[in-house]
Structures are given as structure tokens and as C-alpha cells.
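**Student:** The lines below spell out each chain.
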Amino acid sequence: MPGSVKIVVRPESSASYVRAITKGLGITLKHLLEPNKATQQYPDEKWDLSPRLRGTHRMATHEDGRAKCVGCGLCPTVCPVNCIKLIPAEDENGERYAAVYEIDEFRCIFCGFCQEVCPVEAIHLGVHYENAEYSRERWIYDLERLTELDHPFTALWDPFDPASE
Amino acid sequence: MDPMTGTAFVIATTLKILVFFVLLLVFVALSTYFERKVAGFIQDRSGPNRVGPLGLLQVMADGLKFILKEEVEPGGANKKFFFLAPVLGLVPATVLFAVMPFASPAPTRWGLMEMIVADVPVGFLYVLAIASLGVYGIVMAGWASNSKYSFLGGLRGSAQMVSYEVALGMSLVPVLMLVGNVQMPEIVSAQQNFATGPAAYGAWFFLPLMLTAFVFLVAGLAETGRVPFDLAEAEGELVGGFHTEYSSMKFGMFFLGEYAHLITTAALITVFFLGGWDIPFWQGDNIRVLADGTVIGEPTWWKTLLTFGSFAVKTLILVLFFMWLRWTIPRFRYDQLMDLGWKVFIPIMMVYIMILGLAMYLLDEAGIPVGWQYSGALIVLNLIMMVTLIWGLDRGMIVKGATSRTRRRAGGIRGRMTPTAPSEVD
Amino acid sequence: MSEPASETIRLTIDGVEVAVPKGTTVLKAAETAGIVVPHYCYHPGIPTRPAQCRMCLVEIEGQPKLQPSCVMTAGDGMNVVTQSEAAREARRSVIEFLLLNHPVDCPICDAAGQCMLQDYAYETGQLESRFQEAKLVLGRDRIADDILYFADRCILCTRCVRFMRDVAGDEALIVAQRGHKAYIDTFPGKDLDNEFRGNIVDVCPVGALVHEDFLFKARAWDMDSAPGVCPGCSNGCNIEIGAKENQVVRIKPRYNAEVNSYWMCDYGRKHLVMANRGARIDLPLIRRNGELEAVHWGEALTWLSERMPEGDGVAVVSPFESTESIAAFRALLARIGISGGGYRLARGDEAQLAGFPKLKLRAERAPNATAAELFGFREVESLPSIAAGATVIVAGDRLDDLPADFAGDAGFFAYLGSHLSEAARNADVILPITTFLEMEGTFINHEGRLQRFRQALVPPGVARPAWMVIRRLLSLLGDGADVLEAEAAFERAATETPGLAGIAWSAIGPKGVLVRTDGAAAPSAR
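Residue numbers (the working numbering), protein chains in the order written: chain A, 1 to 165; chain B, 166 to 591; chain C, 592 to 1117.
There's no promise every hint is true.
Residues from chain B that keep clear of chain A, each with C-beta distances beyond 10 Å, as calculated [to be verified]:
#1 Phe174
#2 Thr178
#3 Val256
#4 Phe359
Derived list of chain B stretches under chain A, where covered just means 3 residues or more per stretch with a C-beta under 8 Å from a C-beta of chain A [claimed, not checked]:
#5 196 to 210
#6 488 to 494
In short, the hints are calculated from the structure, not lab data. Every residue, glycine too, gets a C-beta built ideally from N, C-alpha and C.
Working from the sequences, and respecting the hints, build out all of it.
**Tutor:** And the structure:
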């Protein structure tokens, strides 16, 4: 019959409310009596984070504290959410550098493309996720802030050398 | 020893009011902590554990938060009723404790002090009267908030309360039939095992009145408005139900009211069906004061404390049971809730009352005295009825599943929708 | 097909048969078949072909060695294979050789993305270098005032040297040293100061020559580009405007065989990069109680249409305005009864590109004086002194060299402009109009060639093209309908002067069309 509706009927004769409730009570009682402590006391105890966790950005620096960034513009190009603002300029030695480098961590999706694409291994994601700010403006990390951060860099996965970046 | 009279009675009553009111509120506050711990454990969590040792100061923190939070009053709200509703949510639950006998009478220098705030002659009629006031808080909150969610919550709340009020009242009728008195201390005494004085049944009423106890338990749970009967709140569909628009201490009063209700209901079940403050298998606590002032048994202070412990333990076990139930069972569907109240409990209670009356008549005719044989006969009768009821429930004949209506309707549309036989499904 | 059989030869390139005129090189013939033969030293605009980069080597059946296709004349019945194993291997070797000392600093190179070395290296797929020794580092040099030379990136194709010698006729550049130490330098004792030196940056196939104005400004893929016409002088060179974040960052010449070939002058480049500067007017302003007040368009135009005085007055138009705007302005003047009207024109030194006679930095430093003449405006040395109570209407002219009390006691002073100068602040009404970068339109160059340009930037605030503003005003004054598109504006203008009669918007092709300028005195003729 075209257009017919198949009605799935739960067999009432076998539906047992008392049994179901008793069974449910049994399960909850079991957990009540031996509470399985799945809770982690978060601020006191912390996770063992994977070295490949993609978190807050960090900018690598040379020994003299200058950012390694050469302002090539690949990270704003590859960024899928346009969260990187870069204005390159020429420094006193005639080298290209990032006069303005800002990452909007609020907009960032932590895909890690910027780290992957960086030709000088300057911008990195980091193994760090505890960010909280009182204003949206504070989420825009400038170059100074990115270089001052000191959490570990995120390790990129390399099929030929899984241990290192 | 004579019961207290005069000034001593007034002072004693005032003291009892103060002590037990404070005690009740402390228990209410602690039960919120208790519930969160129970919920935590059932869900494999820790529950509150950051404020104070074991999180015990969480109660204080919550209270502080309630007081310090901003009060929001929705535009278009009826100010008077909006303010009155939380008061009406909390007050009936606490006032119910006035007629609760907590312990055996205590001897004092000025006479025997009955451990009940007010031994009113109307007894549990007072309980029914005050308990039914609880619905006003919900209805008022729902109506005064000027919010559709609150309004729907209030509507549901009133319908539910009215429905289960009937079952609740009817489930107390068998108790009245056995005891022959509405006074609460008498009900407790009737469940004890006395050799002298008015007849006592020697068994807690949850045995000879098993079915009634079951109905009272469920109806009482419905009266507290807790899962699985929290349709007035129903955060899944009504945001917060009747208290959606409430904030700060006004919400806090609803919150306290819910737990006060919980404890009160547990205490009522204890008094009516679990022997009140009676300690099982011990005759030393068989103390009663007759209407003419005669005291049977030997009241002492340590017995008072012991019996109060018994009462508290029974009540807390019931509270725990309610909490356990809450974190296990999902919410009733609205039609199922109404079906259960009107189509199941009320007819069952009507039939039960008649059967019980018949049984009592037959037992009296047979000349069996009130006592353990009488109770035994009733227990057997109740067991049979209980098994029949559970068998019926268990087969889905009383509370129908969601598909039963569809099937009924499908069959009605002249075969246009052919239901598939159960064997073909799965 | 009407080509004379005697002058046509047929040959096969990668299996595609093509027919080309006799004398065509194999590389050109391949282009007609849509096959690009990689090349560095060959540039279509530079006449000399040294065939020294060895990149365009192709295999020709019957010839024992690979042949450089840029100089090899196509012969009848030739069978050319550009993708043969031998040709590919040859290109591979050339690329590997060029990359030996190349710093591979693509991330900081301004040519990245538009670099022929990058493209071909990517195509041949050499990811690893076999070169074990340390790379030679030559550093960089300021080869001209505004051009930097990165010797490490240079592949010594000598396009720049040959452009200066063979096209600009100024032998300022040489290849200094030999072998792997060779680099490009200015001839000893000579400066690279030719007016057309900027073109060496455009011909450079890699990032060795970089214009200082563009250094580290933008990546190739960051820029939006729009075809335009250079407004620097009346020559009307075709240009490609590269804009990033609504700022002009680079100007490149666009090929037009009738006007500028592949080249343009440095004056035009500088002039356009200056276009980013200055405070713009972005809202209509009207004078109320002695103060200028920002209002919205509807209010400003209604206000103006109610107060527009009738009768003669002073009208000034800018030769930087588009033809459509000048036409609309003329229509407005006719409506309110102002006859005549003038424009001011800056003049400067001329400079001629030796290798392409049509390209010359003209003395008239404005793109559209011809159109102004066509619509009856006459060049004036300076603006007449404004009599008290006179009506003054200025369209486009910035007035930035005039005293602050210009037209201070005029009866009515309307100003349509893009920048707010001191003199313009005396106006009773100021309407924000776009510059040519922010609109679509046409210019008519010195020889009467009408050329289209496209919008490159977003206008600031609510600025609108002058023709749109004036036509709207005219419609409020009860004269014609609104015009909202450049095409309609042009067609309206074409009905208002015999010079443009019969020219359809769609007929203005990439080379432009010549218009009749006999009704007007060509400014260059005087």
C-alpha cells in the first residue's frame, strides 16, 4: 500500500515499569555506594597534556630576544579564520620584520596551520590552554606578549620522525 | 506524672517551637548539601568539595550567594503576589511540623512534656489542610511573574497538586479506620505494641496497610513536586517553570521550600507508616499519654533522645530514598501523571477502602482482638493485593506506554494504518 | 581565414598544428597554440634576444641539439616538442644551476608568488639541492635612488640591462664581474636616473630588483588589482593598480600597443602612490548659521537645489575628473546659466622613451584636459578674483594653492571635491566626490583616445562619483533622471557633445577609441 506508515509498537505485555524502576534504582545505588571518583581536582591537579596539544600561540625568539618572525605573510594567508594581522616593514638593518603582529586568540580555531606554514619556525602553538581575560581586547595578543609567553611549543607530527618536530 | 499545664506549658511550647524550627531549617539547609553529594556520587562525581571540609560550608556559600544576588522583578509582574508566592512556598512546609510527634514524652520537674509542638485535636486533618496550601505558592508565582513559562508551570503545578491531594487524603482513610483517631500521637501509639490501654496493632502500618503506604509515598512525592513529579518546574521545556523569573533570596525561598517539603513528607510517612518514633523490637519505648492524663510506660530523658534518634533516622532514610529516586527516574509525561492520579490511585484507594472495611468487619465478627493476629491477617490480605497491583503495573496495564495511544488510534482508522505485530518489529 | 598563403607557414607544436606568419619565432608560434615555453631573458618588449638563459630550449624534429625557441624562426612543417624528455631535462638543469647560489628567501622576497624562478622550480619539482658547498653571498645594493638590487636573487637574464640600453636608450646598467660572481651594476661614473628606470623592476623575472615604494609592502596574493589609466599626464598610460586594504601599494604598466606598450614613466608611479595621502571629505557639509555641518546626502542635495542661484558666475572644473563628470558639470552649468568655465593645468618637463615614440611623459600633468576642452572649458593660468556676491562652483579642483580667504565674500560657493583645503572651507556647501581610483569612468588622452578605467578602491564615507552627484542634483532641479551607473553616465554624456556621438560604452575596448576633438582645441597643440 503506497504511503502507508509503519508503526513500531513497543510490546506492552513485556514492558515492566516496576522491574525497570527497580533495575534503575539498583544501578544508581551501586554508584552511590561505591562512588567512582572520576573527578579530577582541576586547579590542584592538572592534566598530563599531550605535547601535540594545540593551544595558545607563542613566538620563538632569537638569543637577543628579537622575534624570529620575518613578516613573510604566510600565516595570515593560510589562516582559515583571518585571526592574524601582520604588517611587515624594514628594520634598521634592511631586513624584513613584523612591525605589527597580532593574533586574535578569541577568533583562532587552533588549527595549527600557521605553525605548519611558518618558514622560519617563528610562530608556534603552545601546550597551554588556560586563558581568561576581563575584556575582549586583551584576547588580541601582540608580538610583545607572544614573545613573552614561555609555555612549551606544540610538537608537530612528522610521519618520518614522530619524536620531534 | 501529669502532663504540663499553665506557665510551664507555655514556656515549654515556645522552647519546642524555637528548637525544632531551627533544627528543621538546619536539616533543610544540610539536605541541599546532602542532595548534591548524593547526586555527585550517583553520577560518579565528588559533589561539592571545595568550600570548607568535605564542602560542608557550601551551604553557607549558597546562602550568602542567595542573599547577595541582585533581585530582578519582571516588568508587568504583580508585585504583591510576586513577593507573597515564595513565602507561601516555604511556610506551609515548615508549619506542618507543628503536629509532628518526634519522640516519646519527656519527664520534667514541671510535668510530662509531650514531644510535639501542638497536639491539635484535628490531627492529620491539619496536615491535609496545610499541605494543600503549598500549591498556592506555585500558582501565585506562575501567575504573578507575567511570563508564559511561569504561567504554564503554575498551571501544571496546580493541576498536579489538586489531583494528588485526593489520593493523598484517601490514602489516610485506612489509617483512620485502623486507629479511629486523627491525633498524631495516637497514630504512633497504635503502631506500637501495648499490653494495656486502647488497642494497638503491634506493627508499623506500612505492613498491614502496604498498598496505602505505597500510594501515600507516591502521592506525597508528587506533593513535594520533585522528580519524577517536577512538571511545574520542568527545566527541559519550561526553563524553570513557576520560578523562572525568580532570583536572589526569593528563589532561595522556593529552594528551601522544596527541601522543607521533602523533609516534611518524609516525616509524615514516618509517622503514619513507619511507627513514628517507635524503636522496633523493644518494648521499653511503649509510652503513651491517654486522653484522661493517664501515662502508660515509664518516660525518661534517655528514652526521649533515643526515640528522637529513631524518628530522625527513619526520616533521613526516606529523604535519602527520595533523593535516590530523583537521580534515577526521569520525569513523568503530563498525561501519564494525570492518568496515574485519577485513573489509578483514586480507584485503587476506593476499592481498597471497601475491601479493608469488609476485612475489618469480618475480623471483628470472627472475634479476633486487635493485636498481632489481626495485623497478620491484614498483612496477608495486603500482600495479596500488592502482588496483584504490581503484576498489573508490571504488565503495563496501569501506566500505559507512549505507543499505546497510537495503536489505539491506528486501529480506529479502519485499517489505513496497519500496525505491525510486535513479533515483526525488533 | 583570409591570411595570404604565401606568408603563412604551418608547423606542429606538441601535436598542435598552428599557422603563423612567416618570420615568427617558435616561442611566439607556441603562444598562439596556448603553449607557454618557459623563458627568462626573452621579453616581448625588449628587441634584443641574447638567448642566454637557455630556458626556452625545445626539441625540433630533425635537429641534433635543442634549440632556443625565442630566437629560432619557425619553419614550414616543423615538428616542435616542448615537453620532450630532453627539453625537460635541459630546463631542469638550468633551474638547478640558477638555484645553486640562490638564497631561496622566498618568504621575505617581494616577488614571491609572481616569480618566474619560483614557478619553474616548482614545475620541475626540485625540492633538494645537490650543492654541498657554502652559497655565495653577494648582498644587496641601492642601484638607483628608489630601486634596490638583491644580487643573490639575480639570475642574470640581463633584461634590465637591455631595457636601459635598447628601450630607454640610456646605457646606465652593465653586468659587472664574470661567472658566478657576476652581478648587475650601474656603469662606472653613471647614475641610474632615467625617467623610465622603474620599468626594470617590472621586467625583472625574479625578485632581484625591487622598487623601494613596494619593499615589504604586500605579498603578491594580498593585492586586489584593477585596470586603470595613469592620471599623471595626458599620455594616458594603461596601468594595473595593486591595492591592499584600500591603499594603493603598487602600479604596474598594462600593455597597450597604441599608448604605452609595456612601459610607463616613474612620474606616474610616484604620483599614484601619493594618492593615498591627504584627509578626505567623507560626508556632505552645508553651512548653517556660519558653521559647516555634516548632513546626509538627501538633505544636502535638497538644500542645494533650493538655494542654487540662477545666472552667470565662476565655474572651475578639474582635468582630473572623468569625462562623465565633466559632461555632467557642463549640463549643470547650462541649467543654472553659467557659460564658459575654466580649468587649471599643471605643467612640467617632458621625457621621451626612446624605444617607443608614443610613450612620453607629457608636459600637461593631467589626464583629461582634452575632455574639459571638448565640453567647452578653457585653460586658465589662475582663477579670476571673485567679486563680492558672485556665484562660484568648483568641481574637483583641490584649490590647495589658494589663499584661505578665497571666495570668502562670494554670494554662493558650492564645492564638489575629494580633499578639504583651506580655500574650500569657505564654501556654502561641500559635497564629497570620489577620486578616479574609487570610480569607474573614462579619460581622453592628448591624442583624443578615450580609455576606460575601473574602480580600484572603496570610496571613503559616503563619497560618490561627481557625475552621480551632479545628475542627482539636476534631477532635483527638474532636469533629467538620476544616473546610477558609469555606463549610463557615459551614454548621457555622449548625447551632449558631438565629439562623443556614436560611441557605445561597450565599444571602448582595451586599446580605447579615438574621439573627434576637432570641436575643441587640443591642449598639447597650443
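**Student:** Would you mind marking each hint as holding or not holding in the structure?
**Tutor:** Results for each hint:
1. At roughly 44 Å from the closest C-beta of chain A, the C-beta of phenylalanine 174 of chain B stays outside 10 Å, upholding its exclusion from the interface.
2. Every C-beta of chain A lies more than 10 Å from that of threonine 178 of chain B, the closest at about 40 Å, which supports listing it as non-interface.
3. No Cβ of chain A comes within 10 Å of the Cβ of valine 256 of chain B; the nearest lies about 32 Å off, and the non-interface call holds.
4. Consistency note on phenylalanine 359 of chain B: stated as away from chain A, and its beta-carbon is indeed over 10 Å from all of that chain's, at 36 Å minimum.
5. Beta-carbon proximity to chain A at under 8 Å applies to 7 residues in the stretch 196 to 210 of chain B; the threshold of 3 is reached and the given coverage holds.
6. Figure legend: the stretch 488 to 494 of chain B, annotated as covered by chain A; annotation consistent (5 residues with Cβ-Cβ distances under 8 Å, at least 3 required).
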